[in-house]
Structures are given as C-alpha cells and as structure tokens.
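Undergrad: Residue numbers (our numbering), protein chains in the order written: chain A, 1 to 273; chain B, 274 to 484; chain C, 485 to 990.
Among the hints, a few may not be true.
Here are the computed lysine-lysine pairs in the PhoX-like style, where the Cα-Cα straight-line distance is at most 25 Å [said to hold, decoys possible]:
{"#": "1", "chain 1": "B", "residue 1": "LYS373", "chain 2": "A", "residue 2": "LYS216"}
{"#": "2", "chain 1": "C", "residue 1": "LYS516", "chain 2": "A", "residue 2": "LYS34"}
{"#": "3", "chain 1": "A", "residue 1": "LYS216", "chain 2": "B", "residue 2": "LYS480"}
{"#": "4", "chain 1": "A", "residue 1": "LYS34", "chain 2": "C", "residue 2": "LYS738"}
{"#": "5", "chain 1": "C", "residue 1": "LYS516", "chain 2": "C", "residue 2": "LYS938"}
{"#": "6", "chain 1": "C", "residue 1": "LYS810", "chain 2": "A", "residue 2": "LYS34"}
{"#": "7", "chain 1": "A", "residue 1": "LYS98", "chain 2": "B", "residue 2": "LYS480"}
{"#": "8", "chain 1": "C", "residue 1": "LYS938", "chain 2": "A", "residue 2": "LYS34"}
{"#": "9", "chain 1": "B", "residue 1": "LYS479", "chain 2": "A", "residue 2": "LYS98"}
{"#": "10", "chain 1": "A", "residue 1": "LYS216", "chain 2": "B", "residue 2": "LYS468"}
Away from chain A, derived, C-beta distances all over 12 Å, residues of chain B [as the list claims (entries may be wrong)]:
{"#": "11", "residue": "SER335"}
{"#": "12", "residue": "LEU421"}
{"#": "13", "residue": "GLN429"}
{"#": "14", "residue": "LEU473"}
If you are wondering where the hints come from, they were derived from the structure by calculation, not from laboratory data. Note that CB positions come from ideal geometry on N, CA and C, so glycine has one too.
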Amino acid sequence: MSNPQETPNASSSRLDRGENHDVTELHAAVLREKPDPVEGFEPVNLWVVAGIAGLLFWGGSYLTQYSGRFEAMEFSEFPHGKPVPVAAVAADPLAAVKREGMIAYNTVCALCHGEDGAGKAGVAPTLAGSDWVNADGPNRLLRIVRHGLKGTVKVNKDVTWNPANDAGIVMGSQWDAIGGTNEKLAAVLTYIRSSWGNTGAAVTPQMVADGLAPVKDRSADANWTQEELLQVPAGGAGAPAVAAAAATPDQLKAQLQALPAEQRQAILKELSK
Amino acid sequence: MSYGPLLFLGILFTLATSWVGLVLLPHRQMGALGQHTDTNTAAIYPADRSGEAQQGAEHYRSLGCVYCHTQQIRPEGYGSDIERGWGRRRTVSRDYIHDKTVMLGTMRTGPDLTNIGERQADAAWHYRHLYNPQITSPGSIMPPHAFLFDVRTIGQAGRSTNALVLEGPFAPPAGQEVIPTRRAEQLVAYLRSLKSSGDLPEAPVKKEEAQ
Amino acid sequence: MINQSQTLQNKTLRALLPGDALTGGGTEGGKKAALAEIDASCRVPVLFFFLSGLAWLLAGTILALVASIKLHTPGFLASWEWLTFSNVRTAHLNTVVYGFASQISVGVTIWLMCRLCRIPLVAPGLITVANLFYNLGVTVGVGGILIGDSTAIEWLEMPRYATPILFISYALIAVWTIVTFRLRAERHLYVSQWYLLAAVLWFPWLYGTAQVMLLIEPVRGVVQAAVNWWFAHNVLGLWFTPIGLASIYYFIPKVIGRPIHSYYLSVLGFWSLALFYNWNGMHHLVGGPLPAWMITVSIVASVMMLIPVITVAINHHFTMVGHFGKLKYSPTLRFMVFGAVSYTLASLQGVASAVRSISEVTHFTHHTIAHAHLGMYAFFTMVMFGAMYYILPRITQREWPSNGLISLHFWGVALGIVLYVVPMSIMGFIQGTMLNDAAVRFLDVVQFTLPWLKLRTLAGLLLAAGHVAFVINVGWLLVRMFEPYRKPVVSILTGEAETVAAAKLP
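Full structure from sequences and hints, please.
TA: Listed below in structure tokens is the structure:
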C-alpha cells in the first residue's frame, strides 16, 4: 500500500519520526477535535439556593446540639445523658438477664460446650440435662467457672468426662472471659440453668457473692477437682448444707467452712450445747 | 474568577481552616494528656507497658493486625461493643497515650482487641490461636501465623515447657514440637497487656457490685 | 523530543499564519497547529507518567486479587510471611493510590495545564526528575511494606525512608504547575484550572503535615488518629477529587462540543468543596475516642458536601443532556459519564455513612471498603481511563489500534466495579446489623460474609481483564508510534467517532 505521506529527511531538522514539515498536515485526532470548552451562564436555580440555605440551617443546629460544648474531655454528644426510650415491660422479667447470659455463653462457653449445651466428645461435657447444672443451688457451678476444673468428672452418674482432654487442655478459669463480675456470672448461670431443658432456678448476683465468699482468696489457677467440689454443698434457696455419707472429719470440717457464716455459727452453737 | 492571586489565597485559606481546626487545635487540646491516678486506690491508669509488651506492639504493627482488628470501644447503646463484652466502658483519648503508633483500626474482620488482655489472659490460648486460628476458633478467616513459631525435634530432655499443646490435624509430626519464637512471645505479651477498663473521670466504668 | 530549534521553528511557522493562533481569530489550522505543538511537547513527560502508572496498575491488580482470595481462603499462600493479608492489602492500596492513580493524575494535570494555559510544556527536565523520584519512592515504599516496615497508618503506610522521596516529587510538580500558571498565554482561567491548581498545592501540604506529625515527630495518643484521617480523607477529597472533577469539566464539554451549563454553579461548586471537604476527616472515627465536637464538626461538614456534589451534578448533567447518544462513539465520554455519575453516587453514600445512626451500622464493615472503591475506582479511575483515551492519541499522534480491546476494557471494568460495589455495600450493611445484635456470634457473622467475598474475587477478575485489555491496547499504540504516521481513513459509519477501526487503516 502506498503511503501518501513519506517521512521527510529527518536528520537536518531533527523532527520526530513521522512528523511532517507541513504544519497543516496535522494528525487526525487534533483535526477532528472540537474547540476547547467554555462556560455557559445559566443562572443558579432557586431550588439550589433554598437547598443550601436549608443545609446551612441544619448544620448550625446540629453543631449546636451535639458538640459537647467543644470540650476536650467531653466524649459524649449527649452531655446530659442520652434520651433513653421507655423500655417495654418484658413478659419474662428475667429476659434481659438471660439474654446477657446467652451473649456471654455464646462468646466464651459455646466453643467447647456447644451452642446447644450438648458438649463435645473429648472436649467438654454436656450441660443440657446435667445433674451438676440442675442441682438445687449453683455453688459448685460458681467454683467451676471461677477457678476452672481438672481431673475426671462424672456427669449424670454414668458418663465420665476428663476435662484434661486428649490435648491435655484443662478448663481454666473463665471468670475474666465472661466479664469478671458477679452480675455476669449470675447471668451466664441463669441462662445455662434455664436452657435446653434444664430446670435449675435463676442465680442472682447476691447468690454469687455469698457462694464465692468462702473462697475469695483462692487463686484463679487453682482448678477444682470433682472430689473437692463434692465436698461443697450445692446450696440453693434456703437449703441447708447436706453432709455426704461417711465423711471424714476433715471433709466435715471443709463442709462446715463452706457454709455461710450465719449457718456455721448456728450449727456450732447447737453442737456446743 | 481569573485572578490568580485571589485563587491562590482562597486555596490556602480553605485548607488552613481545617489544618488549624482538626490538626493544630486538637494537638493543643489533647497532645499532652497524662496518666490519671485513682484517688482511692492510688492506681495509675493507663499503666505503663512492659518492655516485652512494647516490643510486641511493634510486631503488632509490622504484622498489620490493625487491618482486621480494631482497638476502640464505642459508647454503651451505640453498636453492641459493650454488650458483647468487648469492654466495660467506651474508650477515650487517655487510653492511647502510651501507644507509639495508635492503632485504632477501621475494620472488624476479627473482633475488637481493646480488652483482650482482660478477656483472654491465657497465654497458651493466644499461642494456639496465632499458630492456627482454626484450633481455637473454627471457621475463622484469620490466616495462620505459623511463621511465628519454630517446629523442632524434641530433645533429649523431653518436651519443652513452652511447647504448644496441639492435637489431631494441628499437631506437628511425631517427635516434633512447636515452640514460639521471641516475636510470638512479645506479641502475646502485648496482647495480654491490652486492658482499657480503668476508671477515668471522663469515662467512668459503670459500678458493679464489688467482688 | 522538542528541542530549542524545533520550538523556534514552530513559533516561526505559527507567526507566518494570520491572526493569533491561540485564542479567538486566527485560522483553524493555526489553532490546531498550536494544539499539536502543545501535545508534542507533552509527549515524553506525560508518557512517562502514564506508562509507569499503568505498570503499577497491573501490579496493584495482582495484589488486589491475592488479597481478595486470602480473605475468603485464608490458607492461600499463607506460608510466606511477606505475603500476609495485611502486607498484600497494604501493598495493593499504596500501589494503586500512589503508583497508579497519582501518576496518571500528574500526567493528566500536565497535559490539561499545558492545553488550558495554551503554552507548550515548560521545564521538561523538572518533570522528568519528578517522575524518576516518584517511581523510586513508590518502589522503595512498597518494597518496605512487603518486608514488614509498614507504619500501619492507613494511607501513609510507606516507611519513613520512602515518603520524603515522594514529597520531593510532589513539590517539584507543584513548582512546575505554578511556573506554567505564571507563564500562561491564556488569561481566562477555566474551571478545570482552579481544581488542578488547588489539588497540586493542597497535596504537598497534606503530605508534609502527615509526615511530620505522624512519622518524624509522632504526636501523642489519639491526635495521631485525628491527623491520620485528616490526611487520608483529604487525599481523596483534595487531591483525587479535584483532579477527577477537573477532567470531567474539561472532557465532557470538549468531546460533545457544548459549553458547561453554568459558570456560577462552577464557582459555587469549587468554593464549597474547598471549604467543606477538608473538614470531613473525623467521620472515619464516629463513635471513637475523640471529643464529641471533632466528630460532630466532621459530620456537619460531610453533610454540607451535598452542596458541591449536587451543584456539580447539575452542572455536568445539564451539559450532557440531549447528547447521551454520543456515548456510543466516544470511549472518553463513556468513561467520563460513568465516572461523573459514580462521583454523585459515591458522595451520597459517603454523606449517608457519616451520619451517626447509619455509621453505627456500617462502621467497621465491608460497606466502607465498597464505598472506598466506588469513589476511587468507579469515579476516579474511570475518569482517568477516559482522560487517557483522549490524551494518548494526541500525544503519540496515533489512533487506538483496536476497538475490540476498548470495548473489552470498558465493559470489563464497568461490570466488574458494579459487581464489586453493589453486593459489597449491601453485604456490609447486613454485616453491620448482625454485628450490632450481640446475640449473633461473631464467627457466624464471618461465615455470612464468605460467599459475598468470593463474589468480589470474581468482580476482581473482570476488572483485571479490563486492565489487561487496556494495557495491550496502549502497548500496541506505542508500537505504532515507532512506525511512520499513516493518515487513517475515517469510516463513514463512525462520523463523529473518537476512534477508528483498526481494520480500516491503510
């Protein structure tokens, strides 16, 4: 194909290859280009002006209300308290507590005990229908969560679990993980004791405080064993301590010490009569 | 608007307003915050970080943990940070005065870590989680950080005390053990130091029944 | 390369033509000659920036795909420490933002400033040095990130030893722009020039402040977060947005041959953007550990952004109205209009996300990531593609070799970005709602996001295909540059076409 534009002798004028001396033979792109843009002068629509005014008004009012008085240490945009909507009366007065317990359980316990409380083979025992969970009172459960558990455990009298599972992982203290307060522990146990067919009564923060009072100096690393736990009465609303049959003097002593102070005093007073 | 100098001045002035308002002013207001001493317990908050934990903070930065994990708790009732147990109160400026690089984070591909030192104090859990997150959190999309560990043959003296306890598909080949490197130890020290529940006048912790 | 004698020769030739060849009067041929001379003077500097930018685009695309896969398949390439998700994601961001987007920005800025000031490129040496420093800085910076020296400060992750190199480059560009501005032959300032001048002055200020207060002499505590997000947001709002808007303001009326709808709206749009945009930064920290006033101020400024956004949208729309048919023929117009519409959508999404009640849901979720890509890609990158489709034929004096590759590019990236942004925005919103319900286990939320993340990888493949098509076309165009110029035969079917079918070339 013949090329209508031969490249001229480029050396003398040092033109780029392909450019042409003839300045009117411009490349097609520039030729078909339209002129550079200019601005039109349409007036600004009044709706735009109205919109801007509205936005400025909103902005000023929002800035006044939510700036926390421009103070460096005021982090809440509601320095006088956030307007709290009137809470609906819950059909179940314990609903809020159970929900709190469910959230903590799902975050911390469910990984091993399952979201359905069924436990996992070789990992963690079942909580659904467990006699430990459904005992009259929560004192043993409090200790398990507070300080952890080690050694074999018999659940429902026939199934043996070894918390030191195949990987040697023990259930450590879960106190910090669930939130480290009596309220949180009460909520978690209330949730466990009322879920998956369990029939245990609710646990209050006061019960937690009383139940843990005798062992408040125990280190969080001192995991409980089944034997130690069985010395501790499960407790329960108004239920006095129940001594295990054929207990040794040391075990009796431990049981006495596990009782709330008032009850202990009463028993000792009786005995010394 | 073809007058160059006017344009130039306008351009400089507009950016200057936020340069003063959002950069210089806050620096003046908050650039020199100090620790707070509790009048009752004489506890100082935020507590100084140990050297190991400070090194760990550097590893946290260089490993880029901030791209999936946040370190800020939003106020109660705003989002579910406190309800999920990620913290007992919202975080405020004083919580970060010890951070050489403040890593608030902007994505929660993984959970918030502001108080992970309170929620999960077990070092062994952290080592297992870092080695392979599937061990502690099945279904997690956090990548395994096996490069933070050495796999060694078990020596004459038996298993090392700091060897990871692993089982099943995660266990190393027979006769081998997984040992955390210095980097892993420092990183875990940092994670265990992350506690932001100190009581502050500008952000009081809701009072619970004393334990 | 234009040298002294060439410039002199062209000046002489132009002087021989009647009338002022630059503005008003003068022959058409004279005016076109001036334009061609400007284009020729820009050739090497602009090509340097465009080509290095495109190389970084390819690198950034690969990194993006790897990062996307890692998020739903965490075992992917997991044994290499330098390839952790954090490293790859960070390298991706810095490669596409500083390696690709900023370099194309500079190339477009150079060409637009020369064209609008109506003078051939001055001081090409300065530009060349700036470009060398630039690529050196990005290379050192991204390399530093991959070996573990990332600063973990978003948008400023390049290590301390790399950022000053980039700062020098930006400073040189700013100097060049001011010099060009002073030497301009056209006294009237078109709206694009306001935006370009502003962007080029604002960015070194932002970058310098951020480097000093975050890297060199780090400030204490949350003030770091304030400076970080003042900087990072303003990179988007005061560097990329003005350059994108300058391009739309130039190319849309240029291609369709109509004036911009309203000068007054242009002025209003520019100054309201300049005033409000730079205060937005703290909306990245809603609910965070900053005093309430800082967050509130940024939320107000974010909502005020409706003023420039709607103003500009009206201006662009009413300029285009009645001419949408031209989209068929002009790839430049297609990309520009796509970008302009995306700018409005991205801004509206941004305004919504800034409000506290919506931020409560979308903060910390993939919704934010989708929004970032709506702005940086669907708006900015598409506009830059459009600009390149216009500029490259003019500076190389060759036509695009393949219409097919142009279509593949456009449809690949258009479909890809829509498939990315829309599902991820929806998913992010649902993710946020689930996260705000404490009863939903965290790991369940993670499981929910997985299928959507896989969809994103698919969208990424479409984007990658588009990029490859474009780079091949550009490479082919460059090869053509070394061949003798051949006047193309304009097909009668494509009358007003921007491109010419390759097959029609003699």
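Undergrad: Does each hint fit the structure? Answer for all of them.
TA: Cross-check of the supplied hints:
1. B:LYS373 with A:LYS216: 38 Å, violated
2. C:LYS516 with A:LYS34: 10 Å, holds
3. A:LYS216 with B:LYS480: 20 Å, holds
4. A:LYS34 with C:LYS738: 6 Å, holds
5. C:LYS516 with C:LYS938: 50 Å, violated
6. C:LYS810 with A:LYS34: 14 Å, holds
7. A:LYS98 with B:LYS480: 20 Å, holds
8. C:LYS938 with A:LYS34: Roughly 45 Å separates the two Cα atoms, so the pair is violated.
9. B:LYS479 with A:LYS98: 20 Å, holds
10. A:LYS216 with B:LYS468: 23 Å, holds
11. SER335: Given that every Cβ of chain A is farther than 12 Å from that of SER335 (chain B), nearest at about 28 Å, it holds.
12. LEU421: 20 Å, holds
13. GLN429: 22 Å, holds
14. LEU473: With a cut-off of 12 Å, LEU473 (chain B) comes too close to chain A, as the shortest Cβ separation is near 9 Å.
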